[in-house]
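K.L.:
Sequence:
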Amino acid sequence: MTIRFCALALTALVSQLVSAQDTGIPALLLDDSLLKQQMLDITLKKKDKALASVGKQYAKDYRDIYNRQFGTITETWKSSRPVTEPRAHQFLQSVMGKITTGNEELRNTDARVVFTRDWWPNAVSMGDGTILVNAGLVTGLDNEAELAFVICHELAHYYLEHTTKSIAKLVATQNSEEFKAELKRLSKEQYRVNAQYNDLLKTISFDSRRHSREHETEADQLAFRFMKNSGYDCNAMRTCLEKLDHIDDSLLAARVPVNSVFNFTGYPFNNRWVREESSIFSGMKQETSLKTQAERDSLKTHPACEHRIAMLADSIRAVSPAGNGFQVDETYFARLKCQFALEIMEQCYTNENLGLNLYFAITRLNANADDPMAVYNISRALNDLYTLQRDHKMGKYIDSEDRSNPKDYNQLLRMFSRIKLDELGELAWFFARQHEPFMKQYPGYNELVQAAKANRGK
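Residue numbers for the sequence shown follow the numbering used here, so the first one is 47 and each next one is one higher.
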């Protein structure tokens, strides 16, 4: 987090990384800062090259877009999101190597693929050769072959220059006589100007998404060829797409039993914290868009996965032999998925989202009552939330309830929107004390206990 509320807790977290091997405590990955700087340097050189290539026509539009594009990539490399820890990074490069070695057109590619600690399941080609594969996606995959398909798909986007083409399309649309005429007409209107302007933007969005869908189909077709030549099982394209078709439904779907996690003999859980009330739900944030279902479907960048599977089915069936699910390291892949669950939890804390940090920590504790990192994260978050509520800043670090959220996540958010400061102090203290016996050897936990004790009854 930008503001680290408990300095002792942060110091302890660093010490975890140093002592974990000796104590057997799970450790977070230590990134290679030099590698990250090298990636940033490459991006900055590509930015200079892109800006230098801008011609006279629409120069300002192109420069604005390139500055935004490379600004986003630069921010990524400067953040804690990319995973550059040597073994994890080398594993990913080995999978990438199977793809590039098997495809002559990729052997000299300047594409760079990296894992991120982001919790949401996604992968993206940034347009400069940077390909990001989120930890939240990797944890849902079953084998290297599914990971290889994700990489092949994003490599195809880069190889086919889809980002460059999309930028050119956007600039051309914004500078078309038709678009300028419509803007001029709107400038003279007196009524419903905002509504008409939104309709105009929606038209552009539909057109842009239509081209993006065409790009997705092209990327799938080329990704199939890349997969076929990589030695990986092409059936993984189907199984991966099947997962992606339902992955949004599984986000934040794990149970968060706050009424048992925060129920103590000396301080029982208060149902008032989570009780559903009609007034609460009537005021809950709803989807702000008034789009029809057809419009929402039309605004999706990717075609439906069912359609994508159907388009690839015949090609996949024709492949013989099928290929391998693993070619690099099956054991390490399984370990990496478990490790990424820890990285996601800590990254949510770094991103200043204590709601998600607590959510992932409680789900881990629900699966294993003796999970030390889950206990540490919950205790740390409770102490931080106490400080934030005391300083009237909690709303900046925890989400509000939303109808689109799963029920259990909303319940967690509701609890911390209702709990009083003195109640939060008691909760943090009783939680820290309950887990103290088996956490005594955990670096930094004693400091969390003392902080909770000091806050209690203030």
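Hint data in this document are derived by calculation from the structure and do not stem from the laboratory. Glycine included, every Cβ here is placed at the ideal spot set by N, Cα and C. Be aware that a few hints might be false.
Claimed, not checked - Listed below are the simulated SDA-like cross-link pairs for lysine to any residue, each with C-alpha atoms no more than 20 angstroms apart in a straight line:
1. Lys226 - Lys95
2. Lys383 - Leu76
3. Lys453 - Glu469
4. Lys82 - Gly117
5. Lys95 - Phe225
6. Lys383 - Lys466
7. Lys466 - Glu322
8. Lys499 - Leu459
9. Lys289 - Asn370
10. Lys106 - Ala214
11. Lys93 - Thr120
Unchecked claim - Computed Cβ-Cβ distance ranges for the label pairs, DEER-style:
12. Phe310 - Asp94: 29 to 37 angstroms
13. Pro314 - Asp188: 36 to 44 angstroms
14. Ser463 - Asn154: 48 to 56 angstroms
K.L.:
None of the hints should be skipped; say for each whether it holds.
P.N.:
Here is what the structure says about each hint:
1. Lys226 - Lys95: Given that 20 angstroms is the threshold and the Cα spacing comes to 30 angstroms, the pair is violated.
2. Lys383 - Leu76: Roughly 16 angstroms between the alpha carbons, so the hint for lysine 383 and leucine 76 holds.
3. Lys453 - Glu469: 23 angstroms, violated
4. Lys82 - Gly117: Status holds; Cα separation ~16 angstroms.
5. Lys95 - Phe225: Judged against 20 angstroms, a Cα distance of about 30 angstroms means the pair is violated.
6. Lys383 - Lys466: 37 angstroms, violated
7. Lys466 - Glu322: 17 angstroms, holds
8. Lys499 - Leu459: Violated - the C-alpha atoms of leucine 459 and lysine 499 are around 24 angstroms apart, more than 20 angstroms.
9. Lys289 - Asn370: 19 angstroms, holds
10. Lys106 - Ala214: 13 angstroms, holds
11. Lys93 - Thr120: 10 angstroms, holds
12. Phe310 - Asp94: 29 to 37 angstroms: Violated, at about 59 angstroms.
13. Pro314 - Asp188: 36 to 44 angstroms: 42 angstroms, holds
14. Ser463 - Asn154: 48 to 56 angstroms: 54 angstroms, holds
This entry does not satisfy hints 1, 3, 5, 6, 8, 12, going by the numbered hints stated previously.
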